[in-house]
Amino acid sequence: MKQSEFLNVVMPFKDKLYRLAKRLLVSREEAEDATQEILMKLWSKNESMGQYKNVEAFAMTMTKNFCLDRLKSKQAGNLKLVHSNYSDENTSLQRQLEAEDSVQWMERIMQELPEQQKMVLQLRDVEQYEFEEICELMDMKPTAVRVALSRARKTVRQELIKKHSYGIG
Amino acid sequence: MALDNIEKLLEKYFEASTTVAEEQQLREYFAQESVPAHLEQYKPMFNYFSNAKEERFTKQVPLKTRSNLYKWISVAAVAVLTFGIYLGNEYQERKKAEYAYQETKKAFELLAENFGRGTEKVAYLKEFEEAKQKIYNNN
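In the order they appear, the protein sequences are chains L and D. All residue numbers for the first sequence refer to this note's numbering, where the first residue is 1 and numbers rise by one. All residue numbers for the second sequence refer to this note's numbering, where the first residue is 1 and numbers rise by one.
These are calculated hints, taken from the structure and not from any lab test. Incorrect hints may have been included.
Below 35 Å or equal to it, Euclidean Cα-Cα: the simulated DSBU-like pairs (lysine-lysine) are [stated by the list, open to error]: (1) Lys-162(L) / Lys-118(L); (2) Lys-45(L) / Lys-106(D); (3) Lys-8(D) / Lys-154(L); (4) Lys-41(L) / Lys-59(D); (5) Lys-162(L) / Lys-141(L); (6) Lys-53(D) / Lys-74(L); (7) Lys-106(D) / Lys-95(D); (8) Lys-106(D) / Lys-72(L); (9) Lys-8(D) / Lys-59(D); (10) Lys-41(L) / Lys-53(D); (11) Lys-53(L) / Lys-74(L).
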């Protein structure tokens, strides 16, 4: 496969890889490195890439596994991922800041979710994958995917209601 | 869209039994400016999902075509080198040959000079011969 062909295949979903990586690793730099790593791994496999019927699913699975490994090794090394993507919550009255704040809030809520739910929510609600695709990617049964997704959504709702009724930001 | 429809969809949504299309409807609904007060709390959620999809991977990935380039450069370098060595050798040989030629030429010149001197001396012999003939003839 030529480089241009490869890019044509990879371009449409490279952002998805990045967003999944960022969801898991939180830090932008880490996510960029991970995505780069995955793309380079894919490129080194480009000879055999024609064999995969769904390169995107393959790449997403690679990203998932790579990031989970990454997280495991970080935890084992007793290192916390450093992320500076959101600033501390500031209680501004301006509407624009409010909106920004709620985005940060959402990000934080999603960070608190267990990894599996985090990924399912990301794949479904951000990337709009079908259930079958998520099952394949996550190596989960359809019912398990539904349960995880439902739990994740409900947790997010609960947190949002909590925040809403406190009326912060 | 009718409000009760949205409420129904929301219910289904939290049971994870909505389709992708229905979820798209929800996102579109919550993207509008004002929603009823009791639904306001869901707004950040759906807006966030829509926003999150906007994030782009902008870093350039150095694909290893450079190694390919390096390969060709090294091939070219080897070719140039062998050609250079070949030409250099040839040049050196020519130099050597020229030197040998000059040396032989010098040697031959030396020889020729000495020959010349030899023939000069032989010229005297001729004189002697003539004189001898004269003497013979007179007798």
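Hint check results:
Among the hinted pairs, Lys-162(L) with Lys-118(L) is consistent with the structure: their alpha-carbon atoms are about 20 Å apart, no more than 35 Å. The straight-line distance between the Cα atoms of Lys-45(L) and Lys-106(D) is roughly 71 Å, outside the 35 Å bound, and the hint therefore fails. With a C-alpha separation of about 15 Å, the suggested pair Lys-8(D) and Lys-154(L) falls inside the 35 Å cut-off, and the hint holds. In summary, the hint linking Lys-41(L) to Lys-59(D) is supported, as the alpha carbons are separated by about 16 Å, within the 35 Å threshold.
The straight-line distance between the Cα atoms of Lys-162(L) and Lys-141(L) is roughly 32 Å, inside the 35 Å bound, and the hint therefore holds. A distance of roughly 27 Å separates the Cα atoms of Lys-53(D) and Lys-74(L); the hinted pair therefore holds under the 35 Å criterion. The straight-line distance between the Cα atoms of Lys-106(D) and Lys-95(D) is roughly 16 Å, inside the 35 Å bound, and the hint therefore holds. The suggested pairing of Lys-106(D) with Lys-72(L) is violated, with an alpha-carbon distance near 87 Å, which exceeds 35 Å.
Using a Cα cut-off of 35 Å, the hinted pair Lys-8(D) and Lys-59(D) is violated, with the two alpha carbons roughly 42 Å apart. A distance of roughly 24 Å separates the Cα atoms of Lys-41(L) and Lys-53(D); the hinted pair therefore holds under the 35 Å criterion. Between Lys-53(L) and Lys-74(L) the CA atoms are separated by roughly 33 Å; this keeps the pair inside 35 Å, and the hint holds.
Violated hints, in rising order: 2, 8 and 9; the structure is consistent with all others.
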